[in-house]
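Student: Here is what each chain is made of, one letter per residue.
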Amino acid sequence: MTTALPLATARQDLWTGPVIDVDVHANVPSIDALYPYMDGIWVDWAIERGYRGPSAAATHYPPMSPRSCRPEWKPDGRPPASSVELLQQHILDPWDVQHAILNCYYGVDSLRHPDWAAALAKAVNDWVANEWLARDPRLRASLIVPARDPAAMVAEIERIGDHPGFVQVLLPARNDWLWGMRVFHPVFKAIERHDLVAALNMGGTSDGAPSSTGYASYFIEQYVAEWASFASQITNIISEGVFNVCPNLRMSVLEGGFTWVPVWGWRMNKEWRGLHREVPWVDSPPLDIIREHMRFSTTPIDAGPPELMKKVVGWLGSDDFLMYSSDYPHGYDDDLPGLMSLLPESARANMMAETARQWYRL
Amino acid sequence: MLVTVANRSIGIFKVGGEFYGLMNKCPHLGGELCKGRLTGALTSDGPGHFEYDPETVLLVCPWHGWEYDVRTGQSYLNPKTARARSYQVQVENGGEVTIEIDEGKVGVATGKRVPVREYAPKPAKIADRAPGPYVAETVSVTVDGDYLVVNLDPRSRPATTEARTEEKA
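Listed in order, the protein sequences are those of chains A and B. Counting in numbering that gives the first Met the number 0, the first sequence runs from 0 upward without gaps. Counting in numbering that gives the first Met the number 0, the second sequence runs from 0 upward without gaps.
A portion of the hints provided could be inaccurate.
What the hints assert, rightly or not - Computed list of lysine-lysine pairs in DSS-like fashion (alpha-carbon distance at most 30 Å, straight line): (1) A/K269 with A/K309; (2) B/K34 with A/K73; (3) B/K13 with B/K24; (4) A/K310 with B/K24.
I should point out that these hints are in silico values taken from the structure, not numbers from a laboratory. Note that this is a predicted model, so its numbers are computed, not measured.
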C-alpha cells in the first residue's frame with residue numbers, strides 16, 4: 000500500500016462516481032477581513048488593542064507544521080486555504096467535487112470575553128456566507144458558535160441557522176465542560192430544530208489540561224492523543240442522554256479518526272450492561288447509538304497493515320459509517336486508495352458521497 | 000436468606016408474601032448471584048427521569064450487574080424500544096465463534112437499520128424490557144407451618160445437566 004496524496008492520485012483512477020468532501024477548511028487571512036462583518040465598536044476594539052485573532056487555531060495547527068498544510072497547497076504570501084479561489088484550484092476543480100462542507104475553525108473558543116466571542120463568531124459566519132458560500136454553489140458550511148456561552152450559542156444558531164448554505168454547527172472536541180452536559184442541551188435542541196448537523200471537530204480550548212491527567216510537553220503528544228478528547232466527548236454525550244433529548248439529532252465526528260471506535264464501543268457496551276441503572280435513559284447499547292446517530296470523516300485513517308485494517312473496518316459494523324474528507328489543507332498523508340480497496344462496493348459509494356448526501360440532505 | 004441444601008447453595012426470597020428460591024449461581028459466569036442486592040425495576044424516559052418500580056423485585060448479580068426477576072429467574076436487557084434487537088442464540092463450536100469474532104460479526108444486526116428520522120423513543124416499563132439470554136435456576140419453596148420447605152425433587156424443578164445426561168445414558 001503506497002501513500003497517496005490526493006494530487007498524486009488521478010481522480011478517475013481512484014473513483015469514477017460522485018465525490019462529496021465533508022471537511023475542507025477555510026482560514027481567515029487576517030482579522031481585517033472580518034471588519035466588514037462587525038459592528039463598529041468591535042472594529043475599534045480590535046484596532047485599539049492591536050488584536051490579531053484568537054490563539055487557539057495556531058495551537059492546534061502550528062502555521063509552519065507540515066500537518067497544518069501540505070507543501071503543494073501553500074500559496075505565496077497568504078495563509079493556506081484563505082480564499083475560495085485556492086479551494087477551487089486545489090480541491091473542488093481537480094477532484095470534481097459535487098459538494099464540500101467548509102469548516103472555518105477560527106478558535107473563537109479560546110476567548111474569555113463573552114461579547115467579543117459572540118461578535119467574532121457572528122463575523123466569521125457572515126464572512127463565510129458572503130466570501131465563500133455566495134461564490135461557489137458546490138459549497139455548504141458549518142457555522143461556529145461562542146462555546147463558553149450556551150445562550151449565545153443558541154442565539155447565533157437562531158440568527159443564521161436557516162441560511163440554506165449552513166448545514167452544520169462546529170463543536171470543538173475540547174471544551175470547558177463536556178458537550179453532553181445538561182447546560183448544553185438547549186444548544187442541541189436548537190441544532191435539531193434547525194435541521195442542522197452537530198459536528199465534533201478537532202480543536203477547542205479546555206479549561207484545564209486537555210488530557211485527563213495533565214499537560215503534554217510536545218505537539219506530537221497533543222496531536223496523536225487528540226482521539227481521546229473525541230472519545231471522552233462521545234462517552235459523555237451518550238451517557239448524558241443527548242440523543243434521548245434530541246432523538247433526531249445527527250452528529251458528525253470530523254478529524255477524530257475512526258479505528259478506535261469499535262474497541263471503545265465494546266468496552267462501553269460491556270460496562271453499560273452492568274452500570275446502566277445509573278443512566279437508565281441510555282436504552283440501547285452505546286455502539287448501536289453511535290451507528291444510528293453518528294458518522295465519521297475518514298481523516299485521519301490511521302491504517303495499519305491491510306489484512307488487519309480490513310478487520311477494523313469490518314468491526315465498524317455498518318456500510319454507512321464513513322464520509323470521505325480531504326481535510327484540505329491539512330496534511331495527513333492518508334492512504335485513501337488503500338482504505339477504498341478494503342471496502343465492499345456499496346460502502347465505497349457511501350463513503351465517497353452517498354452517506355454525506357443523505358446525512359447533510361444535499 | 001442463603002441456605003445450603005444437599006450441598007447446593009440456594010437463595011430464598013420473600014416477594015409480596017410469596018417465597019421464591021434461586022440457585023446461588025449466575026448463569027452468566029457463575030457469580031454468587033444470591034449475594035447481590037435486591038432492587039426495584041428502574042426505567043427512564045429521559046436524562047434525570049427515574050421511574051422506580053418497587054413492585055418488581057430484581058436481583059442484581061454482584062459480578063457484572065445482570066438483573067434477574069426473583070420470581071422467574073428471567074434476566075432482562077435494555078428496554079424494548081424501536082431500536083431493540085433480538086439476538087439469535089444457538090450452540091456452535093468454538094472455532095466458528097472465533098471466526099465471527101475475527102470478522103466483527105458478533106452482535107452486529109443483520110436487519111434493516113432504522114433511519115434516524117423514523118425513530119421515536121417510547122416510555123418503557125419493565126414489562127417492555129427484552130428478556131436477556133440468561134435464566135437463573137429456580138427452586139420451589141413452600142411454607143409448611145413454621146417451616147420453609149425447599150424442594151429439590153427433580154420432578155418439581157428443571158432438570159440439571161447431570162440429570163439430563165443420566166436420562167440420555
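Student: Which of the numbered hints above does this structure break?
Tutor: 2, 4
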